[in-house]
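Engineer: Following the hints, complete the assembly by docking chain B with the ligands onto the known chain A.
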Amino acid sequence: MNAPPNLPPAPMGRERLVVIGNGMAGCRAVEEILARDPARYAITIFGAEPRVNYNRIMLSPVLAGEKTFDDIVINTAQWYADNAITLISGDPVVSIDRAAQTVISKAGHVEPYDRLLIATGSDPFIIPVPGKDLAGVVTFRDLDDVDKMLAAAETGGSAVVIGGGLLGLEAAHGLCLRGMATTVIHLMPTLMERQLDEAAGWLLKTELERRGQTILTGADTAEILGADGKVTGVRLKDGREIAADIVVMAVGIRPATALAREAGLEVERGILVDDHMLTSDPAIMAVGECVQHRGICYGLVAPLWDMCRVLADAAVGAPGAGYAGSVTSTKLKVSGIDLFSAGDFSGGEGCEDIVMRDAARGAYKRVIVKDNKLVGAVLYGDTADGSWYFDLLKREEDISAIREALIFGQAFASGGGALADPNAAVAALSDDAEICGCNGVTKGTVLATINAGACSLDAVRSQCKASASCGSCTGLVESLLSLALGDEVKSGPKTMCKCTTFSHDDVRRQIVEKELKAIPAVMQALTWKTPDGCASCRPALNYYLLCAWPGEYVDDQKSRFVNERLHANIQKDGTYSVVPRMWGGVTTPDELRAIADAADKYQARLVKVTGGQRIDLFGIKKEDLPGIWADLNAAGMVSGHAYGKSLRTVKTCVGSEWCRFGTQDSTGLGIKTERMTWGSWMPHKFKIAVSGCPRNCAEATIKDFGVICVDSGYELHVGGNGGIHLRGTDLLSKVTTEQEALDVCAAFIQLYREQAWYLERTAPWIERVGLDSVKAQLFDDPDAVARLAARFHYSQQFMQDDPWARRAAGEDAELHQHLAEFRPFPTLNITEAAQ
Amino acid sequence: MIGEWIDIGPTGQISPGNARTLPVQGGEEIAIFHTMDHQFYALVNKCPHKHGPLSQGIVHGTEVTCPLHSWKISLKTGEAQGDDKGCVPTIPIRVDAGRLYLLRSALMAARAPQVAA
Ligand code: SRM
Ligand SMILES: Cc1cc2nc3c(=O)[nH]c(=O)nc-3n(C[C@H](O)[C@H](O)[C@H](O)COP(=O)(O)OP(=O)(O)OC[C@H]3O[C@@H](n4cnc5c(N)ncnc54)[C@H](O)[C@@H]3O)c2cc1C
Ligand code: SF4
Ligand code: FES
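As they're listed, the protein sequences go chains A and B.
Counting along the first sequence from 1, when you hit position 448 you're at 448 in my numbering, and nothing is skipped either side.
Counting along the second sequence from 1, when you hit position 117 you're at 117 in my numbering, and nothing is skipped either side.
With the rest of the complex left out, here is chain A (with noise of 0.2 Å):
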């Protein structure tokens, strides 16, 4: 729309023509007007780099020591003279006079001009924590930054990178290569996690750490610290140090926008232009990274050199269509490591995710797919195809007759016909081609098992072990049976979701057998199917990982439900409910008396004794939790897990102590094992009772493990569920002291843990497996009950840490406290939440 006005040629019948920016999109800009109309233009380029015009993104590889200065020049000093540019390098511009269509530099220096283009770049941004001035603090943008960061390697020592972006991990990669002990901080918890999803950063993280840097994720840097104005090392916000000679910050970039702004140009985030890159003023073009246009600022150098077209078009006096915005991809420059981006990965209302993962080469493809139109692609470890999906990507290319291959990649779709169809492909394969790559199975054994009566593809699995290890092969398996059987294949056991083709008990299984030991870890050796799991899986994964590797297993907060994300059990109205712990329902004066200032100082609405034998205290707003936890806990109570899949409560009734039927001590039973139980994470809730008699006032027959003493010990019973369903409890065994009881019961509880499914209580469990095989696993080798309670007891040593302390203490304070508040009257006023 706005092309340029023609201006009246200067006195030397050529425009003077001042470039602002001697970097790649200045330079490139100048190249494209050169190669329009070399006699138009005088132009004088000012740099404020002392230096020529060079390729900066190959900064990496110099710092990397792959290549030098002089392999990523763009253009020598014969390219100005041979095209009569004067360069004034080493001076920056300090102020543009638009009234008098001047330039001013530092040196003083002043230039007219009839057309101005300011192609000033970006800034690195500094966080604004103490000691970023330090010397050895320095950014990652120019040669000059690379020379500061080799001369500190040239000593050795370590180095931290601030920042764990594509720049962030460029520069660490850089360093580790130069000898430097590498750190990599960074806040988000994964890497790059502007490109990538959780999945693809969590496997550059992995090869990262295998390359020997240290990746630390979820840090929030507190201060640099340093001595004699010298950087010496990193604090963290949770108080962490570590030790650094030189600190690279790569947080991010700032368009540098000064100039345009100070001299009244129309600015927001970056310099706006037009489609044509002009600016506010028709006199005045800018372009590249200081630029926003239709609302977006670059970072990339590819939507650069499209702009630097348009922008020389319009600058001949001969404007094109315009620029129209680019899409971007993403690659990183660390030699050995294939990693692509393209796109929105963020999902949505009818997106589609195609997910294929291969374990044993390390490799995860992933692309979005919106109204038959592929939006976005993340691939790791084979990115071959890569830019087929960018194409496909740019030119919106309609793809549903490839839809079924599209995630084999280019070879594969566009073989077209047979080879598109997965059924046709493994059709055409020879007997002898092996199917499953884990377990070294043919095609030819595959089809010879299914022959022989493995119609399913559970019975394929079990019989000749194709596809029982990564999964990855299942797609080829299930063309196999469909070939051989059509609609007579019989459909496996559940799989645990729509995410996977495996069962729970085939997910649990291969985490122990295969160390895996994060959710990302499971996902990738597991071929999962989806990005990252699904609102079912994902607590599911968190609980198998925490059961399998107690003490080790870091738990996922936020694969978890808001009561046990919160510790506390969401209402009605979005306030809370507060249990604190009543060791087997015994409470004391001063118990009694701490929860009561507890419901007035936090205006607790409701206060009710609850079916379990405790206090519940209602209406508790979340920014309350952790002051009301400090308060019980200063009075010696816990949590009382009311809200998780954990052990609830222990009721009792008063036994032999008091009641004149009581056999044995049910209420310091019960106390005991309440002790021993708490604070271990189940598959679902789980509840006991101990009855101090046959007449059973505790209701231990309908509790998860119930205890119901008798003169000559102790019944155990077990499966017992109030609820919808109502069930009644199994005799389990009988003992004769207070330690086997407890004993039992450790060992039936972990039996549980690690064999029931996920949101599966004991009745169900023990009704699918049988109370047999449940006495069988117990009993039959003498040492089982030792065994399993040992685990139990290993285990509780993690998880009686109670929660509320941790949060009481300011753990996780940002699930309690507002981010700030908003008082838009009488004065606009933004308070930060405490941080």
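Calculated from the structure, these hints are not laboratory results.
Note that CB positions come from ideal geometry on N, CA and C, so glycine has one too.
Accuracy of the hints is not assured; some may be wrong.
[To be verified] Derived pair list, reagent style DSSO-like, types lysine-lysine, alpha-carbon separation capped at 27 Å:
(1) A:Lys621 / B:Lys50
(2) A:Lys572 / B:Lys76
(3) A:Lys230 / B:Lys72
[Stated by the list, open to error] Sample of chain A residues lacking proximity to chain B, with all beta carbon distances greater than 10 Å (derived):
(4) Gly65
(5) Ser89
(6) Pro112
(7) Ala151
(8) Thr214
(9) Arg235
(10) Gly252
(11) Trp305
(12) Gly322
(13) Gly348
(14) Asp371
(15) Cys455
(16) Ser462
(17) Lys517
(18) Ser577
(19) Ala635
Structural biologist: For chain B with the ligands alone, coordinates are given in the frame of chain A:
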């Protein structure tokens, strides 16, 4: 979108998969979500069903499951998904240089939906 953008602080204050709240004096409390894929969304913190606090739900993709009765609400449109009907106002949000900005006019105009009968 033209208008005044209010800076509500650094993105790092909300970890992915979580949400945090912003009470507005004289207006509705706003929930600001950070998805696992690192997008930010802002909605009135009241479920169209029975005003459940959406900020406390599990975030998956670009939806949140309400913690009270598990309606699924689109973070992009505020619309209830599936067979449920209802919509909660969204507030335009922008990320710039690691900070979050909300559109002031929308922040003040947002009103909670009527509770479903
Ligand atoms: C508070 C309490 C009611 C009371 O005021 O007494 C209660 C309250 C709730 N129960 Fe319960 N149950 C309470 C004792 C019981 C009992 C009685 C008992 O434990 O002896 C039962 C029957 C016994 C049993 O569990 O087998 C019971 C069977 C259920 C069930 C059905 C479980 C089942 O397996 O079928 C649910 C639903 C669920 O868990 O999925 C449930 C779910 C709930 C939830 C968590 C509903 C929810 O999802 O929000 C309620 C939370 C309220 C809150 O915010 O605290 N509640 N609930 C009791 C807390 C006990 C405690 O101190 O921890
Ligand atoms: C280490 C590194 C690796 C990168 N890797 C990639 C990659 O792999 N792929 C990719 O697409 N992009 C990559 N980039 C980004 C890419 O380099 C930039 O997008 C590109 O350089 C932007 O071009 P520009 O001309 O807008 O800015 P620049 O290239 O920064 O040029 C701006 C120039 O203007 C000068 N200047 C600023 N103010 C003034 C003033 N007042 N007076 C005179 N001169 C001034 C600056 O000194 C600078 O030389 C990388 C960047 C870095 C730093
Ligand atoms: S019985 Fe129903 S209404 Fe009562 S607390 Fe339990 S879940 Fe809530
Ligand atoms: S209030 Fe949200 S689903 Fe009922």
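Engineer: For every hint, state whether the structure bears it out.
Structural biologist: Now for the hints, and whether the structure bears them out:
Of the pairs offered as hints, the one joining A:Lys621 and B:Lys50 holds, with about 18 Å between alpha carbons and a cut-off of 27 Å not exceeded. Only pairs whose Cα atoms come within 27 Å are accepted, and A:Lys572 paired with B:Lys76 is accepted, the gap being roughly 25 Å. The hinted pair formed by A:Lys230 and B:Lys72 fails the criterion: a straight-line CA distance of about 53 Å is larger than 27 Å. The beta carbon of A:Gly65 sits about 31 Å from the closest Cβ of chain B, which is more than 10 Å, so the claim that it is off the interface holds.
Every CB of chain B is more than 10 Å from the CB of A:Ser89 (nearest about 29 Å), matching its label as outside the interface. Distance check on A:Pro112: its Cβ is at least 34 Å (rounded) from any Cβ of chain B, clearing the 10 Å threshold; non-interface status holds. Against the 10 Å criterion, A:Ala151 stays outside the reach of chain B, whose nearest CB is about 29 Å from its own CB. No beta-carbon of chain B is positioned within 10 Å of the beta-carbon of A:Thr214; the least distance is around 20 Å.
Look at A:Arg235: its CB is around 16 Å from the nearest CB on chain B, clear of 10 Å, so calling it non-interface holds up. Listed as a non-interface residue, A:Gly252 fails to keep its Cβ farther than 10 Å from every Cβ of chain B; the least gap is roughly 6 Å. No beta-carbon of chain B comes within 10 Å of the beta-carbon of A:Trp305; the shortest separation is about 25 Å. With a closest Cβ-Cβ approach of about 22 Å to chain B, A:Gly322 is found to remain outside the 10 Å limit, as its non-interface label requires.
At the 10 Å boundary, the C-beta of A:Gly348 falls inside the reach of chain B, the nearest C-beta of that chain being 4 Å off. The beta carbon of A:Asp371 is kept farther than 10 Å from every beta carbon of chain B, the shortest such distance being approximately 15 Å. Look at A:Cys455: its CB is around 35 Å from the nearest CB on chain B, clear of 10 Å, so calling it non-interface holds up. Distance check for A:Ser462 against chain B: the nearest CB is about 33 Å away, which clears 10 Å, and the non-interface claim stands.
No Cβ of chain B comes within 10 Å of the Cβ of A:Lys517; the nearest lies about 20 Å off, and the non-interface call holds. Even its closest Cβ contact with chain B, about 13 Å, leaves A:Ser577 beyond 10 Å, as expected for a residue assigned away from the interface. Distance to chain B confirms A:Ala635 as a non-interface residue, since its nearest Cβ pair spans about 28 Å, more than 10 Å.
Hint violations for this structure: numbers 3, 10, 13, all remaining hints satisfied.
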